[in-house]
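*Asks:* Sequence:
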Amino acid sequence: MSYKPQASRKGSGRLSKSAHDKKAKEKKKRADAKYLREETPEVSAKEVTEKALSGLNRLGNQVFALSPFSQYFDDWLLNLRQVVSEFESNPAIKVDDQFQKEHTQIFLDVQAALAENRLAESNLTKEAKALSDNNHLIVEADKEYAQKTRELSNRRNSETTAKLGDYPTEYAK
Numbered sequence: 001m002s003y004k005p006q007a008s009r010k011g012s013g014r015l016s017k018s019a020h021d022k023k024a025k026e027k028k029k030r031a032d033a034k035y036l037r038e039e040t041p042e043v044s045a046k047e048v049t050e051k052a053l054s055g056l057n058r059l060g061n062q063v064f065a066l067s068p069f070s071q072y073f074d075d076w077l078l079n080l081r082q083v084v085s086e087f088e089s090n091p092a093i094k095v096d097d098q099f100q101k102e103h104t105q106i107f108l109d110v111q112a113a114l115a116e117n118r119l120a121e122s123n124l125t126k127e128a129k130a131l132s133d134n135n136h137l138i139v140e141a142d143k144e145y146a147q148k149t150r151e152l153s154n155r156r157n158s159e160t161t162a163k164l165g166d167y168p169t170e171y172a173k
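Take the sequence shown: its letter number 121 is residue 121 in the working numbering, and every next letter is one higher.
No lab work stands behind these hints: they were computed from the structure. C-beta: ideal position from N, C-alpha, C; glycine also. Mixed in with the good hints there might be a few duds.
[Stated by the list, open to error] In silico DMTMM-like cross-links for lysine to aspartate or glutamate, where the CA-CA straight-line distance does not exceed 25 Å:
{"no.": "1", "residue 1": "Lys129", "residue 2": "Glu159"}
{"no.": "2", "residue 1": "Lys101", "residue 2": "Glu47"}
{"no.": "3", "residue 1": "Lys148", "residue 2": "Asp133"}
{"no.": "4", "residue 1": "Lys51", "residue 2": "Asp96"}
{"no.": "5", "residue 1": "Lys94", "residue 2": "Asp109"}
{"no.": "6", "residue 1": "Lys51", "residue 2": "Glu86"}
{"no.": "7", "residue 1": "Lys101", "residue 2": "Glu50"}
{"no.": "8", "residue 1": "Lys143", "residue 2": "Asp133"}
{"no.": "9", "residue 1": "Lys148", "residue 2": "Glu159"}
{"no.": "10", "residue 1": "Lys129", "residue 2": "Glu140"}
{"no.": "11", "residue 1": "Lys163", "residue 2": "Glu144"}
{"no.": "12", "residue 1": "Lys101", "residue 2": "Asp75"}
{"no.": "13", "residue 1": "Lys101", "residue 2": "Asp74"}
{"no.": "14", "residue 1": "Lys129", "residue 2": "Glu116"}
{"no.": "15", "residue 1": "Lys101", "residue 2": "Glu88"}
{"no.": "16", "residue 1": "Lys94", "residue 2": "Asp133"}
{"no.": "17", "residue 1": "Lys46", "residue 2": "Glu88"}
{"no.": "18", "residue 1": "Lys129", "residue 2": "Glu144"}
{"no.": "19", "residue 1": "Lys101", "residue 2": "Glu121"}
{"no.": "20", "residue 1": "Lys51", "residue 2": "Asp75"}
{"no.": "21", "residue 1": "Lys126", "residue 2": "Glu116"}
{"no.": "22", "residue 1": "Lys126", "residue 2": "Glu140"}
{"no.": "23", "residue 1": "Lys94", "residue 2": "Glu151"}
{"no.": "24", "residue 1": "Lys101", "residue 2": "Glu86"}
{"no.": "25", "residue 1": "Lys46", "residue 2": "Asp96"}
{"no.": "26", "residue 1": "Lys126", "residue 2": "Asp75"}
{"no.": "27", "residue 1": "Lys126", "residue 2": "Glu159"}
{"no.": "28", "residue 1": "Lys51", "residue 2": "Asp74"}
{"no.": "29", "residue 1": "Lys94", "residue 2": "Glu47"}
{"no.": "30", "residue 1": "Lys51", "residue 2": "Glu116"}
{"no.": "31", "residue 1": "Lys46", "residue 2": "Glu116"}
{"no.": "32", "residue 1": "Lys46", "residue 2": "Glu102"}
{"no.": "33", "residue 1": "Lys51", "residue 2": "Asp133"}
[Claimed, not checked] Quick list of simulated restraints, FRET-style, between CB atoms:
{"no.": "34", "residue 1": "His103", "residue 2": "Phe64", "range": "17 to 25 Å"}
{"no.": "35", "residue 1": "Ser85", "residue 2": "Ala112", "range": "14 to 22 Å"}
{"no.": "36", "residue 1": "Val110", "residue 2": "Tyr145", "range": "50 to 58 Å"}
{"no.": "37", "residue 1": "Lys46", "residue 2": "Lys129", "range": "47 to 55 Å"}
{"no.": "38", "residue 1": "Asn57", "residue 2": "Arg118", "range": "19 to 27 Å"}
{"no.": "39", "residue 1": "Leu164", "residue 2": "Glu144", "range": "26 to 34 Å"}
{"no.": "40", "residue 1": "Phe64", "residue 2": "Glu144", "range": "20 to 28 Å"}
All chains, full assembly: derive it from the sequences and hints.
*Replies:* Shown next, in the form of structure tokens:
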């Protein structure tokens, strides 16, 4: 008996769509388009400002969970940019040159502060690693000291016992 592979038919795994399915899909696309055309209700400048201030307040009060904290800085800065961008892009808000200059300067200041914190955290991490290495060396030295002390004690005990063995038994007592 020999094995003969079966010839595969091209496109045998595909099912063709009926005309009914195609029409239904077209109608669905048109219905979805209607929903996209509906505009959201106008939001007042006060509401937009309150939303932005609330987002900024949330970011300002955020506390990072675990060290190293610098791993959170990029995401935090991205969220800050997003809040400000949403504020600026809202049609109810009119952004002037002074606002642009001030917010650009604030972002530069924040980036500089985060860079300083990142550097300080990096130095702190290096120092913590150095302390850990030193502690490890101290533990190793303690182990070595304890081992040498045991060896010396055992040698002293064996030498003492050997010396006592050289004397007559009346002196050993």
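*Asks:* For every hint, state whether the structure bears it out.
*Replies:* Hint check:
{"no.": "1", "hint": "Lys129 / Glu159", "result": "45 Å, violated"}
{"no.": "2", "hint": "Lys101 / Glu47", "result": "24 Å, holds"}
{"no.": "3", "hint": "Lys148 / Asp133", "result": "23 Å, holds"}
{"no.": "4", "hint": "Lys51 / Asp96", "result": "19 Å, holds"}
{"no.": "5", "hint": "Lys94 / Asp109", "result": "24 Å, holds"}
{"no.": "6", "hint": "Lys51 / Glu86", "result": "10 Å, holds"}
{"no.": "7", "hint": "Lys101 / Glu50", "result": "21 Å, holds"}
{"no.": "8", "hint": "Lys143 / Asp133", "result": "15 Å, holds"}
{"no.": "9", "hint": "Lys148 / Glu159", "result": "16 Å, holds"}
{"no.": "10", "hint": "Lys129 / Glu140", "result": "17 Å, holds"}
{"no.": "11", "hint": "Lys163 / Glu144", "result": "28 Å, violated"}
{"no.": "12", "hint": "Lys101 / Asp75", "result": "23 Å, holds"}
{"no.": "13", "hint": "Lys101 / Asp74", "result": "22 Å, holds"}
{"no.": "14", "hint": "Lys129 / Glu116", "result": "20 Å, holds"}
{"no.": "15", "hint": "Lys101 / Glu88", "result": "13 Å, holds"}
{"no.": "16", "hint": "Lys94 / Asp133", "result": "57 Å, violated"}
{"no.": "17", "hint": "Lys46 / Glu88", "result": "13 Å, holds"}
{"no.": "18", "hint": "Lys129 / Glu144", "result": "23 Å, holds"}
{"no.": "19", "hint": "Lys101 / Glu121", "result": "30 Å, violated"}
{"no.": "20", "hint": "Lys51 / Asp75", "result": "20 Å, holds"}
{"no.": "21", "hint": "Lys126 / Glu116", "result": "15 Å, holds"}
{"no.": "22", "hint": "Lys126 / Glu140", "result": "21 Å, holds"}
{"no.": "23", "hint": "Lys94 / Glu151", "result": "84 Å, violated"}
{"no.": "24", "hint": "Lys101 / Glu86", "result": "17 Å, holds"}
{"no.": "25", "hint": "Lys46 / Asp96", "result": "17 Å, holds"}
{"no.": "26", "hint": "Lys126 / Asp75", "result": "24 Å, holds"}
{"no.": "27", "hint": "Lys126 / Glu159", "result": "49 Å, violated"}
{"no.": "28", "hint": "Lys51 / Asp74", "result": "22 Å, holds"}
{"no.": "29", "hint": "Lys94 / Glu47", "result": "14 Å, holds"}
{"no.": "30", "hint": "Lys51 / Glu116", "result": "30 Å, violated"}
{"no.": "31", "hint": "Lys46 / Glu116", "result": "35 Å, violated"}
{"no.": "32", "hint": "Lys46 / Glu102", "result": "20 Å, holds"}
{"no.": "33", "hint": "Lys51 / Asp133", "result": "49 Å, violated"}
{"no.": "34", "hint": "His103 / Phe64: 17 to 25 Å", "result": "23 Å, holds"}
{"no.": "35", "hint": "Ser85 / Ala112: 14 to 22 Å", "result": "21 Å, holds"}
{"no.": "36", "hint": "Val110 / Tyr145: 50 to 58 Å", "result": "52 Å, holds"}
{"no.": "37", "hint": "Lys46 / Lys129: 47 to 55 Å", "result": "51 Å, holds"}
{"no.": "38", "hint": "Asn57 / Arg118: 19 to 27 Å", "result": "24 Å, holds"}
{"no.": "39", "hint": "Leu164 / Glu144: 26 to 34 Å", "result": "30 Å, holds"}
{"no.": "40", "hint": "Phe64 / Glu144: 20 to 28 Å", "result": "41 Å, violated"}
In the structure shown, a violation is registered for the earlier hints numbered 1, 11, 16, 19, 23, 27, 30, 31, 33 and 40, in ascending order.
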